[in-house]
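Student: So the chains spell out like this:
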Amino acid sequence: MERRTIFGGWALPAAFVLPQLLLTIFFFIWPAGQAIYGSLTRQDAFGLKTQFIGLENFEDLLTDPLYVESMGRTVAFCVAVTLISMGVALLLAVFADREIKGRGIYRTLLIWPYAVAPAVAAILWILLLHPQIGMISHGLKALGIAWDYKINGTQAMIVVVLASAWKQVSYNFIFFLAGLQSIPRSVIEAARMDGARGWRRFRTILFPLLAPTTFFLLVVNLVYSAFDTFGTIQAMTQGGPGKSTETLVVKVYRDGVVNLDLGGSSAQSVVLMLGIVMLTVMQFRFLGKRDKT
Amino acid sequence: MNGRTDWTAHIVLGIGVALFVLPVWLVFSASTQDAAMIGRGELSFIPGAGLDIYWKVLSEGAPGVAPVWHLLLVSFGMAMSIAIGKITISVLSAYAIAFFRFPFRLLCFWMIFFTLMLPVEVRIIPTYAVMAGFGLINTFTGLTMPLIASATATLLFRQTFLAIPDELVEAARMDGAGPLRFLRDILLPVSAANIAALFVILFVYGWNQYLWPLLVATDSRLDTIVIGIVKMIGADTSVEWNRVMATAVLAMLPPVAVVVLMQHWFVKGLTEGDK
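From first to last, the protein sequence lines are chains A and B.
According to numbering that gives the first Met the number 0, the residues represented by the first sequence are 0 to 292, in order.
According to numbering that gives the first Met the number 0, the residues represented by the second sequence are 0 to 274, in order.
FYI, nobody ran anything at the bench for these hints, they're computed from the structure.
Mixed in with the good hints, there may be bad ones.
What the hints assert, rightly or not - So these bits of chain A aren't anywhere near chain B, every CB distance computed over 10 angstroms:
#	residue
1	Q19
2	G53
3	L65
4	R97
To be verified - Straight-line Cα separation of at most 35 angstroms, DSBU-like style, residue types lysine-lysine; simulated pairs:
#	chain 1	residue 1	chain 2	residue 2
5	B	K55	A	K100
6	A	K100	A	K242
7	A	K140	A	K48
8	A	K149	B	K267
9	A	K149	A	K48
As the list claims (entries may be wrong) - DEER-style ranges, computed between Cβ atoms:
#	chain 1	residue 1	chain 2	residue 2	range
10	A	T107	B	F113	56 to 62 angstroms
11	A	G143	B	S58	41 to 47 angstroms
12	B	R39	A	R102	40 to 46 angstroms
13	B	D174	A	L21	50 to 56 angstroms
Yeah, the Cβ is synthetic: ideal placement off N, Cα and C, and Gly gets one too.
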């Protein structure tokens with residue numbers, strides 16, 4: 000879409016895009032370039048000589064069992080967080096869309112967690128699940144479960160998944176509810192006339208009509224769980240015990256900042272960039288398709 | 000619809016609300032209890048000793064961490080700078096791209112668009128290196144600037160601006176409005192709702208940052224409240240849980256207040272902007 004009427008001159012618009020452009024160049028394009036350059040080179044131990052080595056860093060990375068493991072772990076983590084948060088949000092949205100008393104209050108009470116920082120969500124869950132002070136932990140111990148996510152890797156994974164999913168429910172809820180409300184009442188009425196109720200109505204009418212929202216949220220949630228959960232994981236487990244909650248972003252941080260392996264972490268950054276470019280392209284192709292229809 | 004109460008809906012939504020409200024209540028209640036008691040695992044749902052602890056954390060914080068009033072100040076400054084900065088430069092650049100023809104316009108557009116694909120988490124190490132080159136490590140500018148560039152906001156405003164009918168622009172020009180007056184008198188009022196929604200989203204985004212402040216500001220005077228909390232629970236010595244929880248409550252209040260008070264615009268802006 001282009002405008003017919005425009006203003007003349009180019010000095011003013013140039014001045015207007017300049018701030019955005021400078022920030023983009025200095026903080027996005029240059030670092031991205033550096034990362035790509037760094038990923039293709041190797042520095043000697045003293046940082047004196049830099050040598051071009053092609054894709055060797057990537058070969059090292061993809062043959063490194065620790066990295067491959069972390070990739071698999073990240074995928075499992077993202078899928079679990081996405082499914083739980085979207086599932087719970089959809090369930091709540093379907094009921095909040097019904098015409099009941101106090102709808103507005105329910106809605107407000109379900110929306111505010113959007114504002115809670117991922118790292119603060121971790122604090123809430125520590126209070127529930129911490130091996131010594133956690134409220135739920137006592138119950139679990141009373142049931143005879145040896146609950147301590149500080150030493151048990153599987154339990155640690157469960158804990159970070161729960162805290163991460165909890166934080167994201169309200170975002171998904173907002174979108175699912177908006178999606179449901181945009182479905183014409185006549186469609187729902189028609190379904191009711193045909194005798195479709197409850198679960199069947201949801202499965203055959205509502206869910207298919209929600210497909211665009213669902214797809215959009217799927218991408219957003221995968222990006223969220225891959226990247227924004229760093230704060231949650233760092234606050235709860237720091238990637239541990241061992242490496243059992245070390246997702247790719249935690250690993251970049253550990254390798255690059257804590258262990259100062261810059262070449263390897265550049266290659267890791269490039270892999271993450273490729274991942275997010277893929278997700279964004281998927282999303283835009285899909286949105287583009289929807290706009291045309 | 001038929002006058003009967005929909006009990007299933009109330010029960011499901013009630014459980015949902017409890018899932019979100021109870022943990023926060025527990026945090027509040029823990030903040031008023033004795034640290035040693037919490038440490039022994041004798042946490043209670045019923046608030047205890049009173050609210051003195053809030054005064055204490057605000058004025059003195061916890062060992063190794065700045066007082067919470069200072070943490071709040073840094074967080075507030077950061078969130079506001081990011082929200083206002085992003086909105087300002089995005090409105091300007093979207094205006095330039097939508098209403099002018101200038102050399103390299105499309106190149107500019109695609110360069111901005113490209114940044115959509117690079118969240119901070121992806122480019123931490125290289126961006127850190129660039130910041131170090133500029134000498135911006137441990138400065139407030141370094142804390143906020145790299146987070147101000149934003150493709151999403153620019154795209155959103157461009158969308159809004161493109162939807163403004165040509166006739167309106169034509170009429171404004173007939174009345175002798177130059178580009179600056181057009182921006183001030185027509186575009187800004189028309190996009191007020193968008194600006195409000197973005198403000199909420201960006202304020203929360205800025206307030207909740209963790210990874211970037213962790214990297215770029217090692218000086219404790221630049222600790223945000225989110226960083227401060229994680230530091231408090233990371234302490235090797237015994238954690239004073241009541242202080243941590245009081246700080247957590249204070250960390251949640253401002254962004255939650257912004258979301259709840261501006262709920263209407265926020266929900267509209269979020270779902271209509273397709274972001």
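Student: The structure should be examined with respect to each hint, and the outcome stated for every one.
Tutor: Right, here's what the structure says about each hint:
no. : hint                                 : verdict
1   : Q19                                  : violated, 4 angstroms
2   : G53                                  : holds, 19 angstroms
3   : L65                                  : holds, 18 angstroms
4   : R97                                  : violated, 5 angstroms
5   : B:K55 to A:K100                      : violated, 42 angstroms
6   : A:K100 to A:K242                     : violated, 48 angstroms
7   : A:K140 to A:K48                      : violated, 57 angstroms
8   : A:K149 to B:K267                     : violated, 41 angstroms
9   : A:K149 to A:K48                      : violated, 42 angstroms
10  : A:T107 to B:F113: 56 to 62 angstroms : violated, 37 angstroms
11  : A:G143 to B:S58: 41 to 47 angstroms  : holds, 45 angstroms
12  : B:R39 to A:R102: 40 to 46 angstroms  : holds, 43 angstroms
13  : B:D174 to A:L21: 50 to 56 angstroms  : violated, 34 angstroms
Comparing the model with each earlier hint shows violations of hints 1, 4, 5, 6, 7, 8, 9, 10, 13; every other hint is respected.
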